[in-house]
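Colleague: Respectively, the protein sequence lines represent chains G and R. Taken in order, the first sequence gives residues 1 to 251; the numbers are from our numbering. Taken in order, the second sequence gives residues 1 to 390; the numbers are from our numbering.
Because the hints were derived from the structure by calculation, they are not lab data. Model, not experiment: these values are computed from the prediction. No residue lacks a Cβ here, since even glycine has one placed at the ideal position from N, Cα and C. There may be inaccurate statements among the hints.
To be verified - Derived list of chain R stretches under chain G, where covered just means 3 residues or more per stretch with a C-beta under 8 Å from a C-beta of chain G: (1) 12-22; (2) 25-31; (3) 120-130.
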Amino acid sequence: MNIIVLLKQVPDTTAKISISSGFMDESTITKWSMSPYDEFALESALQLKQNCNGNLIAITCGPDRCSKMLTDAAAVGTDKLIHIHHEGYLDSIQTQTLLAAAIKKFEGEVIMCGKQAADTNSGSTGPGVAELIGASCITHVSEVKYENEELIATRLNSLGFEIISTSPPSIFAFDKGVKELRRPNVRGIMMAKKKEITRLTPEDLGASLTNSNINLISQMPPSEKAPGQKYEGTDSIHEIVSKLRDEANVI
Amino acid sequence: MDYEALDFYEIDSLLTDEERMVRDMVRDWVDEEVIPNIENACREGVFPDEWRVALGEMGVLGAPLQGYGCPGLSYTAYGVICRELERGDSGLRSFASVQGSLAMYPIWDFGSEEQKNYYLPKMASGEWIGCFGLTEPDYGSNPGDMITKAEDIGDHYLLNGAKMWITNGTIAEVAVVWAKLGSEIRGFIVEKNDPGFTAPEMKGKHSLKASVTSELVFQDCKIPKDRILPGVKGLRGPFSCLNNARFGISWGAIGSAQACFHSAKDYSMSRIQFDHPIASYQLVQNKLAWMLREITKAQLLAYHLGQKKDAGNWIPEHISLAKMNNVDIALEIARVARDIHGANGILDEYPVMRHMANLESVKTYEGTHDIHNLIIGRHITGIQAFTREA
Ligand SMILES: Cc1cc2nc3c(=O)[nH]c(=O)nc-3n(C[C@H](O)[C@H](O)[C@H](O)COP(=O)(O)OP(=O)(O)OC[C@H]3O[C@@H](n4cnc5c(N)ncnc54)[C@H](O)[C@@H]3O)c2cc1C
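Okay, chain R solo, but in the shape it has when bound (with noise of 0.2 Å):
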């Protein structure tokens, strides 16, 4: 069955003629080189190289950042391509958020000239892999109280510390990492044959499967002088990644509900239980029902978004609501479609309990769902709730 987007408010006609054909460009690559791969890769557990090749010549890595080979699209085509590539496998959509929003975006906005006339190129074309070191085993939700330091040590700096759940790290040639360099957080370009650094896999997740995860270890990692960023210290540096990738992945989750719901709207309308399609039963329509409801708002507050990161008049708190409501729904709704399916959900001939199993994730990473509740809560209150101390 030939994949219909759900659309019901007709967002997608406000849309530019331009975003619309690089969604169609997206959407047609899915179609063809991700849908009939995505289980295989899920099975052995690997990122297939060609999808990182075919992001590069379609472009799309970088989406809206501007000049150094990268494509200068809007942030709504951002969200757009997100979209269409979490709609074949939140892993897909995982390794561009992180190359797009973690690793060149923090280099665009805070690297040296020097910095971004030789990585941005190789990234943006997808020749160079990059990854993002935020998280700790023992700081995630807290990055602040991280302990990864960077010492100055004359001609170098030298790196110590461990970063986990990095997203493409054992792939990557080029790694953001963020260290303290005495009491401030800095960010460091850290290449993957610097001395004194290893990237082993992480094995054994039940979502994300076909998105590599790993630790980054640091011991006496020693770094040439011109690899700091220079354009930013404190939190301020990792969170304004932050910010970009949460916003694609408030429309990426959009395209995991889709698929949820087109697989839940195929199946029932054909599949015969008391002698009629169980999509003619009240309940089951209820189901149908509430996902297009879900959906349609979150697809609002998607391309509203969209329009205010183009027109730069937003805060981090729109972002977290949209983030935070988007990847809910859509685990919900990949939830109920796997339940529409019956026993045929949990089987990877539909993709269903993949994108449930994977939503799990995008629930949790890039702040958890509470995080944004909390982000918001102080927003409304003004006062923190993060910790007792204040």
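Chain G on its own, in the form it takes in the complex (with noise of 0.2 Å):
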């Protein structure tokens, strides 16, 4: 079975985000890592490759720095690695796109990613590439496993969770499980090392990217938090729970 997990890579949470005229300026992130729910898609893509046997293949598209997410996901079990590569801004349909194309290409039937980017938070790669390619999409997915030829996936709604089962071609979109992730050994760092990446572009699926009608316009930092406030002694009780009740309402 051949699954397949996306994987964006994103600005660190730790790193700083600085906008210049208008738009986040790239240059000042030092630190970019896999965005966190992709990170729990490809723990479970990890377990459904040894619980199917199955062939594992990453798929990223984005620019040169990218790559290095998917050695990353080498060192840890993935088998293939394809880095469909493009610099600049890509919207969502245009990602949705050129992922879908890779998808096609290297005939996917399990596909799993994250529930929403770190960065961009929007939410829409597992929906817009199933529809693209005529698969089920299961949202906030928790773990996925093969049994009797069907996957069943458990997911997390507002009332607990929930069982479902489909059969492929069907999308996965991970929220955080509730498994550990494996961390990667020496031994895995060096076969990642010489694991060959498969570079492509735009071109080489046959993707147009002239099917987007968003335009982004700009982007400005969220509005500095106002400053906490202090309070001591038990004259400031009374104050204190009526804020805690009246403006905070936590209690």
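Dock chain to chain to rebuild the complex, using the hints, since each chain is given by itself in its own frame.
Modeller: Below is the structure:
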């Protein structure tokens, strides 16, 4: 079975984001990481690969810097690495078009991704790609197992857990799972170093990027948090309680 | 506050991709598993067994050794691993140094084929812990005069004597012990259950509290003939091990210094006295600037030494310089960081006092600071000054 995991490289959560002339300035970001929900997708994909003896392909779409993340995925056991190379901004529809084309090219049957990326938070990749390739899409998944030729997914909804079965082609968009993420080891790292990354351009995939009707107008930092308030001594108990109750709504 | 490793000259950009991946792996593990548990381990005076398992699983033990299940990384990668481990705690790095450089290395370099095949895979995987017995109660800086002796009794050797200050001793399955056979120093592999061998733990350390330190006592300890290391005679044996361990320490100390700098910088930016952050005062900035300066110099020393080690064009004196300098500045940085933290600096909420106390041991073991001065002095002048008798 061909399992595909879609990975996005995002500014590390510790990175300082700066804006220059209305847009985020990538050049000031010193650390890039795999988007956290994608890490859960990758871990589940690795488990499913062991579970069904499958072939795991990682696909990313983005500039040069993204290949490091693919090598990291190889270090924990990904079989094949695909980098759809594109420098510069891609909107959600363009990204989905490229990913869908690559999934078709590599005959992906089970596709896993994060429920949303830590930078854009749009949450559209899973459903969007599913639409383009005609697959079922299950979101907020915490686990996927392969049993009797069926894929069994656990998803978290506001009431509790839900168990869903489906058959390929299917896309699973992952929430924070229950599982611990595996760590690479030296052996994996040494093998990953030798693993080839297949680089493809949008043209190689025969994908057109002109189908987008979205325009990014500008980006700005979130407004600064109001400074905290500090109280000392027992005299302020009444005031604190009323603030916690009426303003913070926590009691 | 997330750890941001000080690397002012971006020296890590000179590492290979593989070395950087190993760095990130170890750094993440230290963040997730070591930093949250280290104070507890120190309070209880134990080396957490999970750390042994994790080091084995990551595959970093005996990092630069090739074959026999060993990782086969570069010496530079070994240095990077030591640095990242010691950013967590010097006791953790001590564990890895002893396992890789002092116990696995002599078997790898001087052992028989059978010994290598038997011991190394289990030591690389962390299943068996090793220790290294050189120092004796009366012979520290001067191990050449050791009194522990081995006798050839026909079908086995008999070991008698005592070693002291032995890292990992009590928890080790395998001890590489240096003893005199006749007048010659030889290496012997002693196993935990060999008759006549005990390894009581030494208690009451104010330093390296999360590292096990022990005595090794041999009372007519009987060991089979095939446990002698065939490949080396004389002080060259233990000294070649020490060269590798000292190399790792020269990187490791930087990790402690980086941790102390990180904490001091953070603390000084948020601590308000006289209405302003203390980091805004010139005296404090001078301290931070000095720390950055010394860490950057130490990083350059360590990196260049790593390149020399990997290229094979090094002499022991190169290692002495880096061990001596980098531990010295790390200890001084830990003290200044402690000062910047004021009273908070003595609490276990901050890592600085722990690093400071740890580095006192690091300054002493693997050749004291001054012994390295004497080694370099002899190199410069051609005159040995260790003893009055020439
Ligand atoms: C926590 C810890 C772990 C250790 N782990 C191990 C281990 O795993 N295996 C092992 O074999 N050993 C180990 N050691 C022992 C360590 O290597 C010795 O402590 C070290 O070699 C110094 O010996 P000493 O303590 O006897 O000090 P001494 O040799 O007595 O030195 C005391 C002082 O005298 C100075 N001095 C000595 N000779 C001279 C001279 N000729 N000229 C000028 N000054 C001199 C020294 O610099 C030092 O300042 C460990 C030590 C510690 C503290």
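Colleague: Each of the hints needs a verdict: does it hold here or not?
Modeller: Structure-based check of each hint:
Residues of the stretch 12-22 of chain R with a Cβ under 8 Å from some Cβ of chain G number 4, which satisfies the need for three, so the listed coverage holds. For the stretch 25-31 of chain R, the assignment as covered by chain G holds, since 3 residues bring a beta-carbon within under 8 Å of that chain's beta-carbons and 3 suffice. A count of 0 residues in the stretch 120-130 of chain R with a Cβ less than 8 Å from any Cβ of chain G is obtained; the coverage claim is therefore unmet, three being the minimum.
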